[in-house]
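Novice: The residues making up each chain are set out below.
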Amino acid sequence: MSAHKSDAVIIGGGIIGTACGYYLSQKGLKVAIVEQGYLCSGSTGRCIGGIRQQFSSSGSIRLMMESVKHFQNMEQELGTDVHWHNGGYLFLAHSPQKKQAFLSNIAVQQAAGLKDVRWVEADECREITPGMDATGLLGGSYCPSDGQAYPFAVVQGYAGKIRQSGGSIHTFSKATHILQQGGKVSGVRIESGREFSAGVVINAAGPWSRDIGQMAGIEIPVEAERHEALITEGVEYMNIPMLVDYRADGGYFQQYRHNGQFIGCYTPVPNVPGHSTDSTFEFLHQMPKRMLKLVPGLKDLKVIRQWAGSYENTPDGNPILDRTGLDGFYTVAGMCGHGFMLGPAMGRVAADLIVSGGRDLQYPEFALKRDFTQAEAMK
Amino acid sequence: MASNTDKIVCRCEDITESEILEAIAQGAATADEVKRLTRAGMGHCQGRTCRRLVNQMLAKALGQKPEDQRPITQRAPLQPLTIKALAEYKEP
Ligand SMILES: Cc1cc2nc3c(=O)[nH]c(=O)nc-3n(C[C@H](O)[C@H](O)[C@H](O)COP(=O)(O)OP(=O)(O)OC[C@H]3O[C@@H](n4cnc5c(N)ncnc54)[C@H](O)[C@@H]3O)c2cc1C
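Top to bottom, those sequences are chains A and B.
Residue numbers for the first sequence follow this note's numbering, beginning at -17 and rising by one.
Residue numbers for the second sequence follow this note's numbering, beginning at 5 and rising by one.
I should point out that these hints are in silico values taken from the structure, not numbers from a laboratory.
Everything hinted at is true.
Computed, partial: chain B to chain A, Cβ under 8 Å: (1) 36; (2) 37; (3) 40; (4) 41; (5) 79; (6) 80; (7) 81; (8) 84; (9) 85; (10) 88.
Where a beta carbon is used, it is the ideal one built from N, C-alpha and C, also for glycine.
Construct the complete structure from the given sequences, taking the supplied hints into account.
Specialist: This is the structure we're talking about:
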């Protein structure tokens, strides 16, 4: 079997792998994506499509402001309707501590250039969210330029562009070995024994990125954590933003503009470590309880489906975007449950890094070797 | 693209035969991939009607037997349930 030849092999066909592939193709590189399942079979096809710029560190805020610009132009750029809609995000504060935390984050966000984020009092929260029960609510952090898009369409859009530029996508192709020659990376071998040779290899394997690193003896500190989600039937658009309730019995949910379905999830306490796609009955009745508490008018909506997938956490809640100890081998992973929204900007920045031969590190805070103790507050 | 004579395969999401054939032509080799490309099986009935049809179409296009096609993943709840009914559930 002769080896497949390209300029860059990307391991992983989620949002990160396809975004990296798209931006590298735009720079004239021939890319090959190897994906163990099909496109979106990892975390990307399991996410709820939320896109926000409200973070607590200036790196993530700036990166997300760029991503939002990409989402705004995406339909034109990719020739596919990705259902981008700026429905906004409203983070709810039910305690003085939360309010204080949001106020200081808003100051950081505004200083980073995010001008339309602001504190809104409880009355205005109710206006922004028709039908909301504001019991105990002190107010919220609101950014109307945050929004939503449809993950499958975004990934297919990138994949289409990659193929148009002469790149290739190999599904049901599981990477098993990182190949090296003369101290440099030289390609990837997949389970069938087929080899993909290239001078650049990118680990975009999300929750599995640690395993890929290990194939080259490189430690990638990414841990999978199970998160569940559900979706309802579609109903008329109610014009409410993505609601984020960080309380232990809270959750996050939004309504898709394009088809009226409500989609939501929450972070279980305690967390559920390890990769698993098993869903639970507990989630199936807890999530509706949490949605009803915030918007009682949703009571007659029907839930049609539930599922689960992985967040891919790093110790400090920030992604990893860097070269590694092995020349030509890069890691773009550990998106900490925000990979869909970060994807477009991550892909752009990663492509710049790779064509610079690993020198153009625009976000030193995402380096592989860093002090992992400064945690992102708006997880 | 849907034409006047095109048959609807997924009634919940309004997905036609030609849209499914197009997904297969794009490289979809499993019902799960067809679902993610077209939304066939993602609607209210969760593929109860269309999953057999999609498997038949895949089998025909790929020269395989329909029974060898892996069906789309079945997910709970088996039948749509209201937010209220679910929220009222109390731990025994
Ligand atoms: C319930 C839930 C809700 C979420 N909501 C949001 C949200 O609203 N907004 C947001 O931005 N993010 C959200 N996320 C997080 C988001 O889904 C992830 O951060 C993102 O999808 C990560 O993308 P990725 O490309 O890095 O990983 P993935 O999509 O997992 O892609 C990695 C791919 O690598 C493949 N792979 C693994 N090992 C190998 C191998 N050996 N060989 C070949 N291929 C391999 C996998 O099959 C997989 O397809 C949510 C996640 C969950 C679970």
